[in-house]
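First to last, the protein sequences are chains X and A.
Residue numbers for the first sequence follow my numbering, so the first one is 1 and each next one is one higher.
Residue numbers for the second sequence follow my numbering, so the first one is 1 and each next one is one higher.
Since the hints were made in silico from the structure, they are not lab data.
Treat the hints with care, since some could be wrong.
Identical copies carry no separate label here, and so any pair may be met within one copy or between two of them.
Here are the simulated SDA-like cross-link-like pairs (lysine to any residue), alpha carbons at most 20 Å apart as the crow flies [unchecked claim]:
#	residue 1	residue 2
1	Lys237	Ala282
2	Lys144	Phe92
3	Lys237	His62
4	Lys237	Asn277
5	Lys144	His239
6	Lys237	Val61
7	Lys237	Gly279
8	Lys237	Leu280
9	Lys189	Thr306
10	Lys144	Asn252
11	Lys237	Gly60
12	Lys146	Ala196
13	Lys189	Ala147
14	Lys146	Pro120
15	Lys144	Asn277
16	Lys237	Ala63
17	Lys189	Glu81
There are 2 protein chains.
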Amino acid sequence: MTDTSRVFQLARRPDGAPRPDDFKLAEVPLPALGPDQVKVRNTFLSVDPYMRLPMTTLEGVHAPTDIGGEMDGGAVGEVIESTSGAMPKGSFVFSPLMGWRDLYVAGASSLVPIDPELAPLSAYLGVLGLSGMTAYAGMEYVLKPKAGETIFVSAAAGAVGMVVCQLASNHGCRVIGSTGDPRKAALLKERFGAEATINYRTEDLRASLKQFTPDGLDMYFDNVGGSHLEAALDSMKVHGRMALCGAVELYNSANYRRGPGNFFAAIEKGVTLTGFNIGLYAAQRAEMMRDLAGQLVSGALHGDETIVDGLENTGKAFVDLLAGANVGKMVVRL
Amino acid sequence: MTDTSRVFQLARRPDGAPRPDDFKLAEVPLPALGPDQVKVRNTFLSVDPYMRLPMTTLEGVHAPTDIGGEMDGGAVGEVIESTSGAMPKGSFVFSPLMGWRDLYVAGASSLVPIDPELAPLSAYLGVLGLSGMTAYAGMEYVLKPKAGETIFVSAAAGAVGMVVCQLASNHGCRVIGSTGDPRKAALLKERFGAEATINYRTEDLRASLKQFTPDGLDMYFDNVGGSHLEAALDSMKVHGRMALCGAVELYNSANYRRGPGNFFAAIEKGVTLTGFNIGLYAAQRAEMMRDLAGQLVSGALHGDETIVDGLENTGKAFVDLLAGANVGKMVVRL
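Starting from the given sequences, assemble the full structure and let the hints guide the process.
Here it is in structure tokens:
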């Protein structure tokens with residue numbers, strides 16, 4: 001019986017963009033199972049931009065990770081030992097925290113059972129996981145799109161952005177997506193419902209937005225913050241609305257918490273900016289999952305993935321994610 | 001017949017806090033009346049914090065005023081000559097632009113008739129003017145308060161803040177107001193419906209907010225921006241909402257357009273920030289006026305004023321306004 005786990009620790013705080021050796025793979029003992037506990041072998045690990053935040057020393061929702069502390073994140077895996085009647089050996093589970101490792105022991109109540117018949121296991125980290133639900137909550141509960149409205153989506157080919165684009169398109173909205181990669185731009189148009197794309201590395205965001213939508217944007221879904229948020233704010237219609245989901249452009253900078261330089265434009269144009277995160281929508285989980293799974297099964301929604309093999313490559317996968325190497329959801333397959 | 005007007009010009013761009021000699025009183029010729037025009041003798045002039053913005057070189061809703069260009073702003077006055085059937089000699093009018101001067105000629109269609117029987121003329125610059133309507137729009141159309149909710153109002157004893165506090169109190173909300181003056185703090189409690197006040201010059205905003213409302217704020221009405229907005233953002237409940245009206249703390253700084261340093265807290269707590277200005281609510285003018293006048297006449301609403309005498313003191317009145325010398329609406333009486 002295996003009684004150790006291989007788990008990533010934070011070796012040092014990244015200076016700007018993280019590097020693979022900012023993380024160290026360690027072997028740690030696993031405790032014996034107590035009552036209502038399970039031992040899980042992870043199958044897929046999630047890497048997500050928000051994981052950059054507790055690597056800083058800034059206090060936020062995630063307390064800073066100590067140097068030498070274990071990394072955490074989402075994972076799906078199989079129960080290989082159990083003292084829980086509700087979660088027997090052979091069942092599959094999602095954990096929001098027990099990523100970045102191969103094996104773990106946890107209380108059954110901290111895990112969510114998942115159905116491997118409905119969708120591939122990895123989908124529970126992506127389109128049916130926190131990424132998909134984040135996109136769903138931002139669209140359906142925050143922005144509430146109407147047919148014919150125009151939406152700008154940043155990091156549009158990422159795990160969240162790709163779902164946002166498709167949900168908006170399915171609502172009859174005109175979708176413009178930003179990406180830094182012509183290959184992703186093609187996918188956005190062919191597969192994710194975007195009518196236009198902007199390459200933020202080579203184009204001027206404001207000028208390209210103006211060209212596509214001279215009257216301005218009704219909505220903006222912000223995954224990027226920084227210069228994207230500023231360009232969007234300058235491009236909003238009067239009474240336009242924004243869903244603030246993330247600020248990945250700022251995560252490698254000294255202070256990701258700062259606001260846009262042109263914030264006053266919100267007063268001038270009557271713009272509504274609503275921040276949100278998926279943790280605020282736990283009560284809507286069943287509704288979100290039902291609707292997302294329905295659209296996935298019907299073919300109305302694609303859940304593209306970028307798969308990286310091998311636990312030992314988790315750090316590198318995270319580094320590559322922040323550099324934009326993924327199409328859709330990036331996961332590590334064990 | 002008078003054929004010149006005394007009008008303030010911008011003598012130079014203020015460096016930080018404005019000084020009275022940043023403005024110069026000039027005498028300029030008045031044109032003869034064309035068709036459907038009126039000559040108006042102003043009775044009261046408005047001074048408002050937003051007037052600081054076009055004194056900068058930053059592009060905003062108000063284009064920068066040229067050096068030597070005429071100042072503008074709200075005013076009420078009496079028609080003393082008219083070629084307009086709808087606005088005869090002896091009638092009273094409000095102009096959103098023809099302040100900072102004693103006499104002017106303008107098209108009748110650019111002016112709003114006002115009723116001197118309903119309220120004193122100066123009220124049409126304050127509680128029944130843009131200040132009162134700004135407060136009304138922010139409360140009734142943006143924040144939509146519910147009884148029992150807690151609201152924090154910055155610059156609470158100012159022209160807008162004083163109305164916000166009273167409207168919120170009339171809705172059954174708990175009101176906490178910030179001010180820099182113990183005399184205004186007393187008025188806020190005795191007259192404007194505040195349950196508590198914070199002196200931002202002597203107290204720590206976050207600590208005082210925490211003391212009054214340990215569970216956090218439901219709403220924040222922002223007249224100040226800067227450190228007030230940051231303290232409020234850190235003190236909001238999950239799903240709290242903010243009406244962004246002004247940022248007077250920043251108006252003397254190099255860039256009033258910048259956002260709060262802790263903007264990311266909006267994502268963490270699901271806070272909604274809605275910017276607005278009264279120009280966006282022209283269609284609701286009649287409704288706002290009816291409701292405000294009703295509350296004023298019934299005694300449910302006080303419209304306190306600080307009156308400065310003499311056209312020549314308009315620049316000084318504006319300077320004193322930004323330094324917080326006013327209680328309620330500051331006007332210049334001619």
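Broken hints, by number:
The structure conflicts with hints 2, 10, 14 and 17, although it agrees with all the remaining ones.
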